[in-house]
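K.L.:
Heads up: the protein sequence lines correspond to chains Z and L, in order. Going letter by letter, the first sequence gives residues 10 to 161 in the working numbering. Going letter by letter, the second sequence gives residues 175 to 610 in the working numbering.
Any given hint could turn out to be false.
To be verified - Have a look at the derived ranges for each label pair, beta carbon to beta carbon:
1) R459/L with D124/Z: 28 to 36 Å
2) R137/Z with S316/L: 52 to 60 Å
3) P258/L with A146/Z: 54 to 62 Å
4) K343/L with I89/Z: 47 to 55 Å
5) D124/Z with R392/L: 40 to 48 Å
6) P49/Z with V502/L: 49 to 57 Å
7) E145/Z with D522/L: 36 to 44 Å
8) T415/L with A146/Z: 42 to 50 Å
9) G578/L with P45/Z: 53 to 61 Å
10) S464/L with D144/Z: 30 to 38 Å
11) R392/L with Q82/Z: 48 to 56 Å
12) E145/Z with E443/L: 28 to 36 Å
13) T357/L with E145/Z: 25 to 33 Å
What the hints assert, rightly or not - Quick look at which bits of chain Z chain L covers, simulated, 3 or more residues with Cβ under 8 Å:
14) 92–100
15) 103–109
These aren't lab readings, by the way, just hints derived from the structure by calculation. Cβ coordinates follow ideal geometry from the N, Cα and C atoms, glycine included.
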Amino acid sequence: MRSVKPLLRSMFIPGMLLLGACCCEKDVVVAPPPPPPPPPQVELGDIFFDFDKSELRAEAVQQLQKNFDWMKQNPAGTLIIEGHCDERGTNEYNMALGERRANAAKDYMINIGADPAKMQTVSYGEERPFALGHDEAAWQQNRRAHFVGQGR
Amino acid sequence: MIGFSKVIISAALLLLAGILLNPLAAIAVEQGEYIAIRKQGTGKIAIVLDRTSAKGKTESAWAQSLDAIVKDGLVFSDLFSILPPPSNIRAEGKDKAVNFSALSSVGSEVYAGGSVSKKSGKVHLDMEVYDTFGSKLLLKKSYTGSEAELRSMGHAFCADLIEMLTGKKSYFGSKIVFVSSKTGNKEIYQCDFDGQGVQQLTNFRSISLTPVFSPDGRYLAYTSYTSGRPTLYVKNLADNTIASVVKNGVSVDPGWRNTGEVATTLSFEGDQEIYLVRPDGSITRRITSSRGIDVSPTFSPDGSRMAFVSARNGLPQIFIQDMQTGAVKRLTYSGRYNTQPSWSPGGDKIAYTTWEKSGEINIFVINADGSGLKRLTSGARENESPSWSPDGSMIVFTSNRQGGKRLYVMGSNGENQRRLLQMEGEQMQPSWSLFR
Numbered sequence: 010m011r012s013v014k015p016l017l018r019s020m021f022i023p024g025m026l027l028l029g030a031c032c033c034e035k036d037v038v039v040a041p042p043p044p045p046p047p048p049p050q051v052e053l054g055d056i057f058f059d060f061d062k063s064e065l066r067a068e069a070v071q072q073l074q075k076n077f078d079w080m081k082q083n084p085a086g087t088l089i090i091e092g093h094c095d096e097r098g099t100n101e102y103n104m105a106l107g108e109r110r111a112n113a114a115k116d117y118m119i120n121i122g123a124d125p126a127k128m129q130t131v132s133y134g135e136e137r138p139f140a141l142g143h144d145e146a147a148w149q150q151n152r153r154a155h156f157v158g159q160g161r
Numbered sequence: 175m176i177g178f179s180k181v182i183i184s185a186a187l188l189l190l191a192g193i194l195l196n197p198l199a200a201i202a203v204e205q206g207e208y209i210a211i212r213k214q215g216t217g218k219i220a221i222v223l224d225r226t227s228a229k230g231k232t233e234s235a236w237a238q239s240l241d242a243i244v245k246d247g248l249v250f251s252d253l254f255s256i257l258p259p260p261s262n263i264r265a266e267g268k269d270k271a272v273n274f275s276a277l278s279s280v281g282s283e284v285y286a287g288g289s290v291s292k293k294s295g296k297v298h299l300d301m302e303v304y305d306t307f308g309s310k311l312l313l314k315k316s317y318t319g320s321e322a323e324l325r326s327m328g329h330a331f332c333a334d335l336i337e338m339l340t341g342k343k344s345y346f347g348s349k350i351v352f353v354s355s356k357t358g359n360k361e362i363y364q365c366d367f368d369g370q371g372v373q374q375l376t377n378f379r380s381i382s383l384t385p386v387f388s389p390d391g392r393y394l395a396y397t398s399y400t401s402g403r404p405t406l407y408v409k410n411l412a413d414n415t416i417a418s419v420v421k422n423g424v425s426v427d428p429g430w431r432n433t434g435e436v437a438t439t440l441s442f443e444g445d446q447e448i449y450l451v452r453p454d455g456s457i458t459r460r461i462t463s464s465r466g467i468d469v470s471p472t473f474s475p476d477g478s479r480m481a482f483v484s485a486r487n488g489l490p491q492i493f494i495q496d497m498q499t500g501a502v503k504r505l506t507y508s509g510r511y512n513t514q515p516s517w518s519p520g521g522d523k524i525a526y527t528t529w530e531k532s533g534e535i536n537i538f539v540i541n542a543d544g545s546g547l548k549r550l551t552s553g554a555r556e557n558e559s560p561s562w563s564p565d566g567s568m569i570v571f572t573s574n575r576q577g578g579k580r581l582y583v584m585g586s587n588g589e590n591q592r593r594l595l596q597m598e599g600e601q602m603q604p605s606w607s608l609f610r
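Sequences are here, hints too, so could you generate the full structure?
P.N.:
Now the structure itself:
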């Protein structure tokens with residue numbers, strides 16, 4: 010008999026756990042199924058260019074695909090694509106170069122299916138730099154097409 | 175039509191009458207002689223500026239102001255060495271005649287002097303200019319105006335003096351339009367040829383760029399972001415009405431072909447091309463058609479040829495297009511990045527900027543046929559946006575040689591480079607007007 014008590018005691022805890030588990034199972038059936046994990050929210054990103062160039066780099070193409078995904082996720086949203094240049098070269102020429110950069114981005118987005126009516130371009134040339142330094146690190150930051158999303 | 179012919183005929187008659195009756199016409203013959211003599215010896219013209227004589231307190235104050243205005247004007251021209259008047263400049267006696275031998279002894283070639291008086295409330299200035307060696311009268315002219323017009327009267331005399339001595343019209347009375355960030359936004363300003371009388375022309379609190387007056391001074395063309403994107407505006411300065419080009423895409427860097435046509439880069443057809451636009455904002459026609467950027471049109475004085483920047487071969491270079499045939503010729507082969515052409519008022523030269531390997535940006539001039547390349551700036555950081563004075567004797571430009579971008583002027587061969595004006599903020603994109 011002495012040996013039965015510990016056995017009963019040891020069976021009591023799993024028994025209670027089993028009972029509890031059964032109760033829980035009942036509750037799970039009543040509760041709504043857990044929501045599926047939300048898809049990751051796509052963020053707009055800018056693309057960068059080589060000196061005096063408006064051709065798209067490989068990583069720019071990847072970013073433009075993400076920006077197109079953003080448009081698909083935000084069907085009511087519209088995009089303003091700003092073209093920017095670094096401070097080198099002359100202001101007047103850079104005004105035109107900035108537009109070519111914004112247009113290169115817009116044209117690629119149209120090619121992969123974006124609605125042209127939802128995208129507007131504006132060139133700022135070298136008038137609105139992002140980085141204010143006077144070295145390649147700053148210049149690289151300023152040779153960009155900047156995406157501004159509206160009405161998401 | 176009848177009215178129009180009448181106007182032409184009467185204008186021609188007036189012109190004839192002017193030539194016949196104007197006593198200065200006789201002096202015009204001597205002008206040639208003077209210039210011929212001058213060509214023997216180059217260098218500056220030695221001039222004695224006599225004190226303007228006056229009776230009365232008010233008149234003496236006018237005379238003092240006029241003396242300073244005329245002297246500053248002649249110094250700015252860089253054409254003269256101004257000698258102090260000898261003490262015995264006037265001969266003894268009643269008539270106080272000019273003592274030419276005393277002038278010659280101090281090395282003076284030219285003597286200028288005069289008197290100021292008050293006539294029916296107005297300032298009346300009588301000026302005379304003599305060739306000191308021959309004691310010969312070269313110029314005699316009167317100027318009348320209100321007290322507020324002393325500066326323009328003094329400058330009118332400077333202009334007449336320089337035109338008589340050099341045979342060319344000068345820049346006195348001309349204006350320079352430019353962009354400044356003084357307020358924190360890029361706004362358009364103007365000043366006199368010598369940097370005086372700065373006036374703010376726009377207060378858009380946006381980005382306003384590349385202002386340029388039409389050749390007759392009736393319109394101001396510029397690019398501004400007031401609508402949210404760079405758009406060409408043409409302002410009628412008589413009634414302050416503003417027209418714009420209503421098209422998609424950019425508008426960049428206007429340049430006037432003549433009083434009725436301004437060229438600018440537009441991109442509503444996809445590529446950045448140069449178009450001719452009327453002052454009402456309507457488009458006359460497209461001028462360029464090449465893949466790549468075409469910007470910064472500037473025209474020969476007769477409007478028959480256009481110099482512009484094109485990236486059709488890769489990096490930007492300057493090309494010349496015949497406006498009639500459309501034939502295009504590349505102008506610049508030296509330097510990998512050449513922009514900002516400015517055609518001289520004489521028609522023979524084009525100034526432009528080269529971004530050099532050293533990192534400096536320098537101003538060059540080249541003959542319109544591609545010969546005679548000459549560097550005008552060097553060793554002074556970035557020098558940009560050259561624009562000729564109306565007589566072609568000087569160039570205004572931007573330089574950051576002393577820190578921020580400021581306006582400078584120099585002679586057409588690069589001589590005597592100096593700061594044009596003191597002003598807060600940065601100054602850039604100057605354009606010297608062609609009108610007086």
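K.L.:
Now tell me if each hint is right for this structure.
P.N.:
Outcome of the hint check:
| no. | hint | in the structure |
| --- | --- | --- |
| 1 | R459/L with D124/Z: 28 to 36 Å | 33 Å, holds |
| 2 | R137/Z with S316/L: 52 to 60 Å | 55 Å, holds |
| 3 | P258/L with A146/Z: 54 to 62 Å | 58 Å, holds |
| 4 | K343/L with I89/Z: 47 to 55 Å | 49 Å, holds |
| 5 | D124/Z with R392/L: 40 to 48 Å | 44 Å, holds |
| 6 | P49/Z with V502/L: 49 to 57 Å | 52 Å, holds |
| 7 | E145/Z with D522/L: 36 to 44 Å | 40 Å, holds |
| 8 | T415/L with A146/Z: 42 to 50 Å | 47 Å, holds |
| 9 | G578/L with P45/Z: 53 to 61 Å | 58 Å, holds |
| 10 | S464/L with D144/Z: 30 to 38 Å | 34 Å, holds |
| 11 | R392/L with Q82/Z: 48 to 56 Å | 54 Å, holds |
| 12 | E145/Z with E443/L: 28 to 36 Å | 35 Å, holds |
| 13 | T357/L with E145/Z: 25 to 33 Å | 31 Å, holds |
| 14 | 92–100 | holds (count 4) |
| 15 | 103–109 | holds (count 5) |
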